[in-house]
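Here's the letter readout for the chains.
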Amino acid sequence: DVKVTQSSRYLVKRTGEKVFLECVQDMDHENMFWYRQDPGLGLRLIYFSYDVKMKEKGDIPEGYSVSREKKERFSLILESASTNQTSMYLCASSLSVGGLTEAFFGQGTRLTVV
Amino acid sequence: RKEVEQDPGPFNVPEGATVAFNCTYSNSASQSFFWYRQDCRKEPKLLMSVYSSGNEDGRFTAQLNRASQYISLLIRDSKLSDSATYLCAVNKNTDMRFGAGTRLTVKP
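These protein sequences, in sequence, are chains A and B. With the working numbering applied, the first sequence corresponds to residues 1 to 114, in that order. With the working numbering applied, the second sequence corresponds to residues 1 to 108, in that order.
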C-alpha cells in the first residue's frame with residue numbers, strides 16, 4: 001500500500017516565519033510534487049522533482065523553495081510566510097513509466113499564517 | 001490560459017441520472033490522463049486512468065480525444081455516494097497538472 005505522509009495536518013505560523021513542510025513516500029517513486037489547493041482555484045503546482053537534488057518550478061513558485069536530498073523526502077519551504085500563503089498544501093508522488101503513473105497524495109497540511 | 005480547464009459546476013443531479021464532465025488541456029504533448037475524486041476535506045484519490053481507446057469501470061466511462069485535446073468522464077446511474085469533486089489530471093514529461101475540479105451533488 002503506497003503511503004505518502006505529510007508531517008503535520010494543521011499548522012499555524014506567524015507572518016515572517018520560515019516554515020518547513022515535510023513529505024515522505026515509501027514506494028521508491030522518482031517523482032514528487034507540492035501543490036496548494038484554494039477554493040475556486042483547484043490544485044496549483046508549486047514545485048516538482050523528478051530525481052534526488054533535482055527540482056523544477058511549477059506554476060506558482062514565488063515565495064517557496066524545495067529540497068530533495070533523499071529520494072523518499074521532499075520538503076517545501078516558505079522562506080518568509082505571508083498571510084496569502086494560508087492554504088491547504090498537498091504533497092504527491094508518482095512513478096515514471098513512459099509518462100507518469102497515477103499520483104498518490106498525502107493527507108494534506110492546512111497552513112494558517114497569522 | 002490555464003493548462004487544464006474544467007467546468008467548476010456545481011452539478012446537482014437526481015439519483016439514477018447520467019452526468020458527464022469534460023476537461024480540456026492546452027499542451028498537445030501531454031502523455032497521461034487521469035480522473036481523481038476528492039471528498040470534502042480529504043486528499044484526491046485516483047478514480048481511473050484515461051486510455052486512448054477509452055475505458056470503462058462499472059458505471060464510470062472515461063474518454064480521451066487527442067485531436068480536440070479533451071478528456072471526459074461519464075457517470076451512469078448516479079448514486080448518493082458519488083457526491084464529490086472530480087478532478088482531471090494531465091501529465092507532460094515529469095509534471096502533473098490538475099483542473100480546478102467539478103463539484104457533483106447527487107440528490108435523493
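Hints in this document: simulated from the structure, not taken from any laboratory. Hints may be right or wrong, so weigh each one.
Derived pair list, reagent style DSS-like, types lysine-lysine, alpha-carbon separation capped at 25 Å [said to hold, decoys possible]:
hint	chain 1	residue 1	chain 2	residue 2
1	A	3	B	107
2	B	2	A	3
3	A	57	B	2
4	B	107	B	79
5	B	92	A	70
6	A	57	B	92
7	B	45	A	57
8	A	71	A	55
Taking the numbered hints from earlier one at a time, note which ones the structure violates and give those numbers from smallest to largest.
Checked against the structure, the hints that fail are numbers 1 and 2, while the rest are satisfied.
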